[in-house]
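Asks: The lines below spell out each chain.
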Amino acid sequence: MTGQAHTGRPSKLLRNLSSKIASIPMMLTAVVIFLGGTVWTVIYSFTNSKLLPRAKFVGFDQYERLWSAPRWIVSIENLAIYGIFTLIFSLVVGFLLAALMDQKIRFENTFRTIFLYPFALSFIVTGLVWQWILNPEFGVQSVVRSLGWTSFTFDPLYNSDIVIYGVLIAGLWQGTGLVMCLLLAGLRGIDEDIWKAARVDGIPMWKTYLFIVIPMMRPVFITTLVIIASGIVKVYDLVVAQTSGGPGISSEVPAKYVYDYMFQAQNLGQGFAASTMMLLTVAIIIIPWAYLEFGGRKRG
Amino acid sequence: MQKSVSIKDLSLSFGAVNVLENLNLDIGEGEFLVLLGSSGCGKSTLLNCIAGLLEPTGGQIFIKNKNVTWEEPKDRGIGMVFQSYALYPQMTVEKNLSFGLQVAKMPKAEIDKRVARAAEILQIGPLLKRKPSELSGGQRQRVAIGRALVRDVDVFLFDEPLSNLDAKLRSELRVEIKRLHQSLKNTMVYVTHDQIEALTLADRIAIMKSGVIQQLADPNTIYNAPKNMFVAGFIGSPSMNFLRGEIVEKGGKPIFVANGVDFALDGYAAGEPLQAGRKVVLGVRPEHVKVNEDGPGADHHQATVDIEEPMGADNLLWLKHAGHTMSVRVAGARRFKPGTAVKLSFDMGLASLFDAGTEERI
Amino acid sequence: MQKSVSIKDLSLSFGAVNVLENLNLDIGEGEFLVLLGSSGCGKSTLLNCIAGLLEPTGGQIFIKNKNVTWEEPKDRGIGMVFQSYALYPQMTVEKNLSFGLQVAKMPKAEIDKRVARAAEILQIGPLLKRKPSELSGGQRQRVAIGRALVRDVDVFLFDEPLSNLDAKLRSELRVEIKRLHQSLKNTMVYVTHDQIEALTLADRIAIMKSGVIQQLADPNTIYNAPKNMFVAGFIGSPSMNFLRGEIVEKGGKPIFVANGVDFALDGYAAGEPLQAGRKVVLGVRPEHVKVNEDGPGADHHQATVDIEEPMGADNLLWLKHAGHTMSVRVAGARRFKPGTAVKLSFDMGLASLFDAGTEERI
Amino acid sequence: MLYGTLAVAALYYLLPLYVMVVTSLKGMPEIRLGNIFSPPLEVTFEPWAKAWATACTGLNCDGLSRGFWNSVRITVPSTLISILVASVNGYALANWKFKGADLFFTILIVGAFIPYQVMIYPIVIVLRELGIYGTLTGLIIVHTIFGMPILTLLFRNYFSSLPEELFKAARIDGAGFWQIYFRIMLPMSLPIFVVAMILQITGIWNDFLFGVVFTRPEYYPMTVQLNNIVNSVQGVKEYNVNMAATLLTGAVPLIVYFVSGRLFVRGIAAGAVKG
Amino acid sequence: TDLEVTHWWTSGGEAAAVAELAKAFDATGNKWVDGAIAGSGGTARPIMVSRITGGDPMAATQFNHGRQAEELVEAGLMRDLTDVATKENWKEIIKPASLLDSCTIDGKIYCAPVNIHSWQWLWLSNAAFEKAGVAVPKNWDEFVAASPALEKAGIVPLAVGGQPWQAAGAFDVLMVAIAGKDNFYKVFKDKDEEVAAGADIAKVFKAADDARRMSKGTNVQDWNQATNMVITGKAGGQIMGDWAQGEFALAGQVAGKDYTCLPGLGVNEIISTGGDAFYFPLLKDEEKSKAQEVLASTLLAPATQVAFNLKKGSLPVRGDVDLAAANDCMKKGLDILAKGNVIEGTDQLLSADSQKQKEDLFSEFFANASMTPEDAQKRFVDIIASAE
Ligand SMILES: Nc1ncnc2c1ncn2[C@@H]1O[C@H](COP(=O)(O)OP(=O)(O)OP(=O)(O)O)[C@@H](O)[C@H]1O
Ligand SMILES: Nc1ncnc2c1ncn2[C@@H]1O[C@H](COP(=O)(O)OP(=O)(O)OP(=O)(O)O)[C@@H](O)[C@H]1O
Ligand SMILES: [Mg+2]
Ligand SMILES: [Mg+2]
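Line order of the protein sequences matches chains V, X, C, U and G. Counting in this note's numbering, the first sequence runs from 1 upward without gaps. Counting in this note's numbering, the second sequence runs from 1001 upward without gaps. Counting in this note's numbering, the third sequence runs from 2001 upward without gaps. Counting in this note's numbering, the fourth sequence runs from 3001 upward without gaps. Counting in this note's numbering, the fifth sequence runs from 4001 upward without gaps.
Worth double-checking, as some hints may not be accurate.
Said to hold, decoys possible - With the C-beta cut set under 10 Å, the calculated list includes, among others, these residues of chain X facing chain C:
#, residue
1, 1030
2, 1236
3, 1307
To be verified - Okay, derived cross-link-like pairs now, SDA-like style, lysine to any residue, Cα gap no bigger than 20 Å in a straight line:
#, chain 1, residue 1, chain 2, residue 2
4, X, 1168, C, 2326
5, V, 104, U, 3263
6, V, 56, G, 4076
7, X, 1074, V, 92
8, C, 2337, X, 1266
9, X, 1074, V, 195
As the list claims (entries may be wrong) - To give a feel for the contact side, a few chain U residues facing chain G, derived at Cβ under 7 Å:
#, residue
10, 3018
11, 3039
12, 3124
13, 3191
14, 3194
15, 3228
16, 3254
17, 3262
Source of the hints: derived by calculation from the structure; they are not laboratory data. No residue lacks a Cβ here, since even glycine has one placed at the ideal position from N, Cα and C.
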């Protein structure tokens, strides 16, 4: 780009200029939106802002209230349950499916499409469909009852104790396809010779998976984990569409708390405090990972 | 010779592609057999069939006179070493060695004994606690061999075990494998496309091309009496020089004429009579041509040095001779500037004659 | 000698790792310089600095006496050929060749002329309309060279251009590159870790170790008078035999004694006086040991054949001799069974002596 | 056994789709009869017609049809622009790394975890200050911003996995930042572009929150209409219309999936899984 | 001039009512651009607020009058309607006056109320009681007493939808009915913790406990689905505001014949004066600003009021209109209104924040049978204590 001969070292700023210019959107997004927005949120979480942000600082009041709010506690518990089970099930089911798909099967494309298509649907749609299927009056329960088992009860969405598992079923339906895809890609990356070596060593299939292949897929699992985890933290639409947090408050989640308090309750400060807590959790999980993954390692 | 592995009419196809067709091969007890061939000729496929990793489309495989065609790999008494090592990356070396035994529910004491023995033979004792990622390429390959060793198998199968290593390590490990074979005396089947490995390691070499064994013989025969032009050209670096010409009768004796230059055939032990007029190809290895020395033909074989490639111990000359290029190897100390005119002489006792049509040795 | 590339005090570090430190190197006009060294020693790094693909942490680079340290790669008058070919996969061969010229907005006619000329030199005319994926490895590498050729550069940089090819192709292309250099007479800097390539191609070889040039000399000197034990051991396959021992005065002359065996040093041209008692290492190349022939030492050097590695043209023997292992190369036709006792003789004029402490040549 | 397991799993995944399709083809009386799994006795396309053209929200009774075109108008530019921006970013990060680039990237990745709700307020403020709140431009920017973390990660990983020597060769040939991007990198990146496109099309098409918060009614996307139709219960819930509306709304991403699912997996393998 | 008007009136009766407003406005030569957002105020309000604060305001928007828009007004984002109000003499015509007070901040008027919505109704399905073989109850206590019979007949006695505001609203209604107007004001206006913790309120919680028991098995979300259960006789009754009447009307049911309405749960005949109002964000475009004035006065025009409120089932905000066409229940309401038996709605008394907390509490209470009335009351007291 520069045609002139430099005798001295050219300005540091000008080197890679195009690259820097091209990265401006990214830098702006990172700094203004993600960093700026976060800092702004954290700052205003210490105010008593209502409908509009106002810089009237009230210390940790919002946080005290947050942690004494039963709904917040329920939200956190739900997120924990939903999160843990989603992680476990989507990884386990996703991996099982991926392992099955990796057996050089016929119709692989068909099966893959079937497992993956729910991912194309929005959470709103997912929530709606499952709300319906799980509706005791005409969904699974009524169908089973009409087949003769009249005492059959399956109404997760109307039972406070298990409603979160009803949400889980829908969430898994939507998300495991992608997990399967990611893990399948990972499985395909395993050296063919490893399989052969294990067979020659007489190691049964399941042990090969458990002790050799899965540990080898660590990077893929981490990527997958991050993708699932980011989805879990953000879970909102699904709950809104499927249960609206009900019955009562038994399927509330933190993101919904944030939204409801920021906008419905017109208590921005409370919403910001809840956001900050969510961010904090995310940060504790993510920053070490991001550092390891992107900060420490240079490209070879 | 007691048979260790015996392959009968083996066929294998991937879909419509026949990779192996009616292949027969007997490997003797304690023999070191090398399968040599260029990429894609079916060497690995054959080895995988022996190991039981691929199911043949037809034919049978016997190991120690037992039909193992349908046995699981682990029940065949074979161990296998891969090019990419195929070590389990998250296990220590010790675990890599013992994992197969543990799965087979062998008593702990016995496992330890075997691992210790393998570690001693391969001199990897100090590495036992390390992970594969902390090992050098050569060390990894040694561990991979160890994994076959601990299982106390009858037959070792190697699939290009040294191809991922650099030249120096390769020659070191080559010696080690040779030594291992001398001390263990197991049957070993070794796949490679490196002819040096084949020549140095093998008791017998099977040269393959498109799934067919071209010649199965000891290295000396392969090198000096190749059965056809493919084998002749495949073995030796640089390749054998091929001169196309025909047989002419001169003074009652058949001689070979190419591009108008005569080659007396004295000393060549032909398997069949050499009729005048037959189109043939003369093959001469670079080291069997003498430069500026007395010998047959030195009076009339003139050539000019085109390029010189000094390689330390040897010096490789590319000569222009009677309309074709010829490579000749001389001692490293003998240097020739490009353009130098030289005299050549040929020892027909070490040359090969091939039929120009069938490309078979005459 | 006119300088083509001149490197002054070049340093480069990746973070805390200093890969190159104060490296100086002058390359003459039209010279073929080979950078030889084991993996990770910084060869590619140096080449990338010359090309302008890496920014040095310190020092300067001159090409044709112009300081190009901060120039863009395209303005340096260099062309580069990579190990992985680095052809643009979506473009035809023709497009690959002309891309750089198009970017430089050269007139179409001129581009066509240059592409045609490069295609002719490299004999890739019939391939021009193909995509890289439709080419063999050797053809790809030729196109990669062509890409540098069309740009009419002063300096060609090669980064292990032949490492991805199989042995046979490698030796063919080696000859082609040599021929290309003879006809173009450009300056060429060639990185490799294959010593055969280095020895056959180079006008001068720079042997590198951990970013430091160990010896810079013509192939003959490198091979026969290595500056230190690293160079001596690095070049030559199999490696030079090193015998540790000391200088002893015997009959008024210094002789070398290792494991109780004497070696007369007649004929060795030492650079400094050999004092008795000095710990030294004797280096002898495998092809400089004579087996069962008359010569110095043949009366008292007894050895036994441990392993034999017949390699066709040569036969490599691993001998047990006075408590150490020694490799010896003999002609392919001379075969020795393991266990055979042999007599050895050594020509000291071709051997090397190193100080046991500094490892430098004496 | 293998196929059995797969078939059972496939059943679980297909069931909801089946229910949606079947229900959308039934009339209301039939739905009231009960069984959601039974096939329609009498196939009617009325619910589809109603969902598309006549379902009401408030005063507007033109169903999803209006939202469809809005969705197209939003999705097409948002997808293109976000992919363009992210691919250039990924390319810069992979091949033209400058000091501090990693820091920005790390922030961006952490940003992927921030719930959207948290960011609404700051973004409203930023858009207001830029004077593009409520415009299509504003919405496109919002989609670009929220698509950036994951897309940049994908592209960066993909470009990193391309041989670096290719990039070096192009530089020696004298090509600059943009020339290398457009003439060397782009033509080699079809799989990852397909992945990005699928992710963005589904994401943007399915988006509800941004579509409703950052635009005005004349730009409301189809999902808003869907929400309105589904949530504006007039008397009894018309499940058949709702399902038809749902299917209509999901049709575009579904079609995109069915058409390019193959490339999707290939691209994922190339971009997402490698570190 | 085109004016965009946002609101969350999307159920059948509501939509029909909005159509009347639009028709009236269109008749002035302007154009009503409908911006309906479905899913109740909870979904719609955030969007409205975002647009106003985001600098892309609509021309007019619905809010529940009360404190929902307070801060928007304080931030100077809303238009002062005092001119129109004085010109049209709103102070005189709007009855009860508290409605306009809720629109007044610092002496300036910022909104145009369009209707009075009273929460204080119990709607009963005559058919359901007939099926259960009991007489249609006349008040809350009778209703509670009749509930076992209803249950036996497979009828859900009391329909309470899943949306949180329904549970909270039902509680407020019980509060007025059981604890009386004074206690209501003490708790919600004066934020008197002692009263809130006292025995009177404990009785309300007892009643809420009954309601909870009776509502078991409702299993619907939206209020109008719950209403629909009453219309179809699947439920015995529903505590819901007068907007429910729109649904009955749409279903062709006749008050008194098909369904019965009990204002103040038949215990305490009273009308709460919550309702909807339109706010007008400050616009730059002058033409639109003018049209805003036209819209404001159109909304309050007598004809509009009648047409709108008949469809909506709510009461007009002006006392001077003729509602001859009103049905039984509406007439009951008008009577009570005329008597002056009114109280303010909780939206006017409590901040959105406190309302939300209250909703959380009661939606949890109604869904979770293991939460005792005592516990709930304790938490209620906390909310009142922290309310502003
Ligand atoms: N799973 C497979 N499906 C289809 N064809 C295959 C498969 N595996 C191998 N082949 C084909 O079979 C032939 C032989 O392959 P094989 O791996 O045995 O070659 P090889 O001699 O080991 O080559 P290399 O030296 O490259 O390892 C090749 O042409 C290859 O393309
Ligand atoms: N981008 C980088 N960041 C950090 N270290 C690097 C980077 N590139 C190279 N290195 C290190 O610099 C050293 C020299 O690398 P270089 O690529 O020059 O070696 P080389 O001699 O070309 O080796 P090879 O023969 O394997 O190509 C190595 O130790 C390598 O690990
Ligand atoms: Mg192979
Ligand atoms: Mg390198």
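Asks: So, against the hints stated earlier in the document, which numbers end up violated here?
Replies: 1, 7, 8, 10, 11, 13, 14, 16 and 17
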